[in-house]
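Q: Protein chains in written order, with full-length UniProt numbering: chain Y, 1 to 150; chain S, 1 to 425.
Since the hints were made in silico from the structure, they are not lab data. Using N, Cα and C, we set each Cβ at its ideal position, and we do this for glycine too. Some hints here could point you the wrong way.
As the list claims (entries may be wrong) - Short derived list, chain S residues pointing at chain Y, Cβ under 8 Å:
hint, residue
1, His27
2, Ala28
3, Pro45
4, Leu57
5, Leu73
6, Ala97
7, Asn101
8, Leu104
9, Phe111
10, Asn189
11, Cys192
12, Tyr341
13, Ile345
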Amino acid sequence: MPILVKTSSSGPGEWAIIELQGDLEVRSNQDMHDQFIGDLYYNKYGQPILIIGHHILQGREQKLEKPFAVLEKSKTNEGQRLLDASQATLDASCLNATSGGGERTVLDQTIAQEHKSRQRTEYTVRAICSKKLIFKSRPKPIIANVAKSV
Amino acid sequence: MEVEVDENNAPELYVRTPEDVRIIVKHAKLDERQLTQVTQALVYPSANIVADNLRLLELDSHMLEQIREGQTLHFKGGLHEKVVLCTDEKTYDVKGAEISNSLLLVPDLKFAAATSTSPLKSPRSGNANASLERSLNDSTEDELEVPRTLEQRQVLTVFHEYYECREIRPRYRKLGELLQLTRYSGPENEYCIEKKLLFNFQQLLDTVQCSRLQFMDGLRQYRALEFDGHLRVLEYEYEYRIVNLMLGLISENSWALDEVDRSETIQALDGIAPESIVSGLFDIYTVSSDRCPDKYSYQESLVARIVAQNILQPGLRFRNEEFMRTWQEALPEGMSCQLEYLSGIGIYDKEGAQPCIRSLAEEQLPTNINDRMRTLFKTKRKWTLEEMEPYIDCFTTPTLSVSMLLAKYARSLTEGGIRYYVSKH
Numbered sequence: 001m002p003i004l005v006k007t008s009s010s011g012p013g014e015w016a017i018i019e020l021q022g023d024l025e026v027r028s029n030q031d032m033h034d035q036f037i038g039d040l041y042y043n044k045y046g047q048p049i050l051i052i053g054h055h056i057l058q059g060r061e062q063k064l065e066k067p068f069a070v071l072e073k074s075k076t077n078e079g080q081r082l083l084d085a086s087q088a089t090l091d092a093s094c095l096n097a098t099s100g101g102g103e104r105t106v107l108d109q110t111i112a113q114e115h116k117s118r119q120r121t122e123y124t125v126r127a128i129c130s131k132k133l134i135f136k137s138r139p140k141p142i143i144a145n146v147a148k149s150v
Numbered sequence: 001m002e003v004e005v006d007e008n009n010a011p012e013l014y015v016r017t018p019e020d021v022r023i024i025v026k027h028a029k030l031d032e033r034q035l036t037q038v039t040q041a042l043v044y045p046s047a048n049i050v051a052d053n054l055r056l057l058e059l060d061s062h063m064l065e066q067i068r069e070g071q072t073l074h075f076k077g078g079l080h081e082k083v084v085l086c087t088d089e090k091t092y093d094v095k096g097a098e099i100s101n102s103l104l105l106v107p108d109l110k111f112a113a114a115t116s117t118s119p120l121k122s123p124r125s126g127n128a129n130a131s132l133e134r135s136l137n138d139s140t141e142d143e144l145e146v147p148r149t150l151e152q153r154q155v156l157t158v159f160h161e162y163y164e165c166r167e168i169r170p171r172y173r174k175l176g177e178l179l180q181l182t183r184y185s186g187p188e189n190e191y192c193i194e195k196k197l198l199f200n201f202q203q204l205l206d207t208v209q210c211s212r213l214q215f216m217d218g219l220r221q222y223r224a225l226e227f228d229g230h231l232r233v234l235e236y237e238y239e240y241r242i243v244n245l246m247l248g249l250i251s252e253n254s255w256a257l258d259e260v261d262r263s264e265t266i267q268a269l270d271g272i273a274p275e276s277i278v279s280g281l282f283d284i285y286t287v288s289s290d291r292c293p294d295k296y297s298y299q300e301s302l303v304a305r306i307v308a309q310n311i312l313q314p315g316l317r318f319r320n321e322e323f324m325r326t327w328q329e330a331l332p333e334g335m336s337c338q339l340e341y342l343s344g345i346g347i348y349d350k351e352g353a354q355p356c357i358r359s360l361a362e363e364q365l366p367t368n369i370n371d372r373m374r375t376l377f378k379t380k381r382k383w384t385l386e387e388m389e390p391y392i393d394c395f396t397t398p399t400l401s402v403s404m405l406l407a408k409y410a411r412s413l414t415e416g417g418i419r420y421y422v423s424k425h
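Given these sequences and hints, build the entire structure.
A: Written out as structure tokens, the structure reads:
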């Protein structure tokens with residue numbers, strides 16, 4: 001059975017993506033729920049400025065040439081995820097059977113289809129991301145304690 | 001004094017305050033007057049928010065449009081097939097792409113324009129006109145009155161991966177293979193048919209990796225028709241026999257080629273073949289007549305093909321003139337045979353002492369492009385692009401044309417001003 005990708009009844013929302021070079025790393029294994037990451041500002045020219053800890057990043061607002069859809073997988077059943085499985089089964093050569101062996105593979109496929117149909121997986125388009133803030137430049141350090149007299 | 005943000009290692013939950021923001025702006029040596037009024041504090045999601053079931057899917061303009069219209073998309077693929085994504089019209093290959101950058105997904109994030117009460121400045125006009133710059137600066141002084149607002153935004157999740165889609169051609173081969181298993185050759189032979197291998201429209205649409213519209217096209221290509229609730233293709237000889245009987249009615253009733261009557265045709269074949277087979281074939285082989293309302297005409301290319309297929313049985317070869325004569329004679333008066341109708345069934349080989357037509361059925365060739373190329377060049381040494389096209393076409397994608405495939409898998413040479421393709425080795 002095909003796995004449906006539905007659009008939510010109210011239409012997809014518009015979400016944003018903030019792209020950072022590298023990763024946000026947490027020093028210890030502490031629980032990060034609700035923890036503060038950083039402040040996002042815009043200057044009067046619309047340039048985004050992100051301050052994370054001691055670092056300041058200057059970025060750019062960019063329209064995504066190819067927007068993203070945020071898909072949410074419905075948890076109706078515990079089963080393998082089709083998207084994840086797609087990478088494991090790159091082996092599409094199964095159908096490359098010549099007429100002799102063809103029948104067997106087709107049969108297997110049909111049975112495989114039936115197995116799959118028991119699993120009710122569904123995706124919903126939660127939102128579309130058509131713009132992002134991209135921070136490509138190296139973070140610059142913020143030095144706080146410069147003596148006024150210098 | 002250290003920078004404030006370090007203090008958030010405190011055990012209780014740290015909440016960003018406007019005062020913190022003011023201090024950090026000062027430390028960062030940002031001019032607060034040059035910033036828009038809203039600061040957005042980014043935070044990690046709460047414990048109760050589940051985001052590991054989210055995926056990012058890159059869209060092209062067609063997919064975006066479909067989603068905006070509220071259309072449903074379908075992932076399709078059997079256990080051993082690479083998954084494809086289908087809209088109602090198109091089919092896409094889906095591939096996971098890993099990136100080293102982090103993509104932070106932030107619902108409700110405000111972009112620059114939404115954080116400013118006045119329109120954003122464009123960087124160029126600022127430099128171009130000093131007096132304008134001044135006046136704008138003046139106005140920002142006034143805006144100091146507007147207090148800075150602090151809003152909290154949750155980063156729902158961080159992605160290092162997204163799925164990208166590439167439009168591909170519909171994958172019909174499975175449709176052909178499944179239909180092949182239960183070729184219909186008359187009611188008397190139905191006892192040989194494995195009932196489990198009969199499929200209806202929806203079953204096939206669900207498993208074949210193509211969109212709904214492409215599926216309809218595919219059914220036409222394979223000349224599939226509905227019989228007893230299942231989609232079937234006919235055994236060639238049987239199909240030829242029925243079509244031939246149908247064509248016979250043209251001269252029998254002295255119809256012009258474009259005034260074929262549907263109900264009379266179906267009636268005339270009553271008792272010879274089941275009605276749904278005849279009506280199905282009729283609808284596949286005819287188009288509405290331009291000249292006479294409610295009448296039909298047979299499509300020459302389809303008629304010529306099934307006739308040629310009947311003559312050109314697998315493994316056979318004919319002298320060119322002989323074949324063309326036999327073929328022409330088997331066609332109803334007024335239709336003419338053309339070599340191009342043989343596309344995918346047979347080839348014209350003029351290399352030998354006697355130019356000949358030989359059978360070469362596309363559907364019998366290997367499905368792997370390397371093996372197929374080998375077979376093709378074994379069958380015939382040199383090919384023109386047009387000759388190869390029907391046999392290579394199934395490997396093309398919107399971005400990979402036949403000539404690009406040939407550039408990769410064959411060697412080209414020019415003889416007498418004509419470009420030929422020969423085996424690489």
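Q: Work down the list of hints and note, for each, if the structure agrees.
A: Now the hints, each set against the structure:
1. For His27(S), the suggested interface contact is upheld, since its CB lies about 4 Å from the closest CB of chain Y, less than 8 Å.
2. Interface restraint check: Ala28(S) against chain Y, minimum CB-CB distance 5 Å, threshold 8 Å, status holds.
3. The closest approach between the C-beta of Pro45(S) and any C-beta of chain Y is roughly 7 Å, which is under the 8 Å cut-off, so the hint is satisfied.
4. This hint holds: Leu57(S) has a C-beta 5 Å from the nearest C-beta of chain Y, less than the 8 Å allowed.
5. Nearest Cβ of chain Y to the Cβ of Leu73(S): about 4 Å, under the 8 Å cut. The hint holds.
6. Of the supplied interface hints, the one on Ala97(S) is violated, with its beta-carbon coming no nearer than about 11 Å to a beta-carbon of chain Y, more than 8 Å.
7. With a cut of 8 Å, the hint placing Asn101(S) at the interface with chain Y holds, because the nearest CB-to-CB distance is about 5 Å.
8. Evaluation of the Leu104(S) hint against chain Y yields a held restraint, the C-beta minimum of about 4 Å falling below 8 Å.
9. For Phe111(S), the interface hint holds, the least distance from its beta-carbon to any beta-carbon of chain Y being 6 Å, beneath 8 Å.
10. For Asn189(S), the shortest C-beta to C-beta distance to chain Y is roughly 18 Å, which exceeds 8 Å, and the interface hint is violated.
11. Below 8 Å, beta-carbon pairs count as interface contacts, and Cys192(S) has none with chain Y, the closest being about 14 Å; its hint is therefore violated.
12. For Tyr341(S), the shortest C-beta to C-beta distance to chain Y is roughly 24 Å, which exceeds 8 Å, and the interface hint is violated.
13. Taking 8 Å as the C-beta contact cut-off toward chain Y, the hint placing Ile345(S) at the interface is violated, the least distance being around 16 Å.
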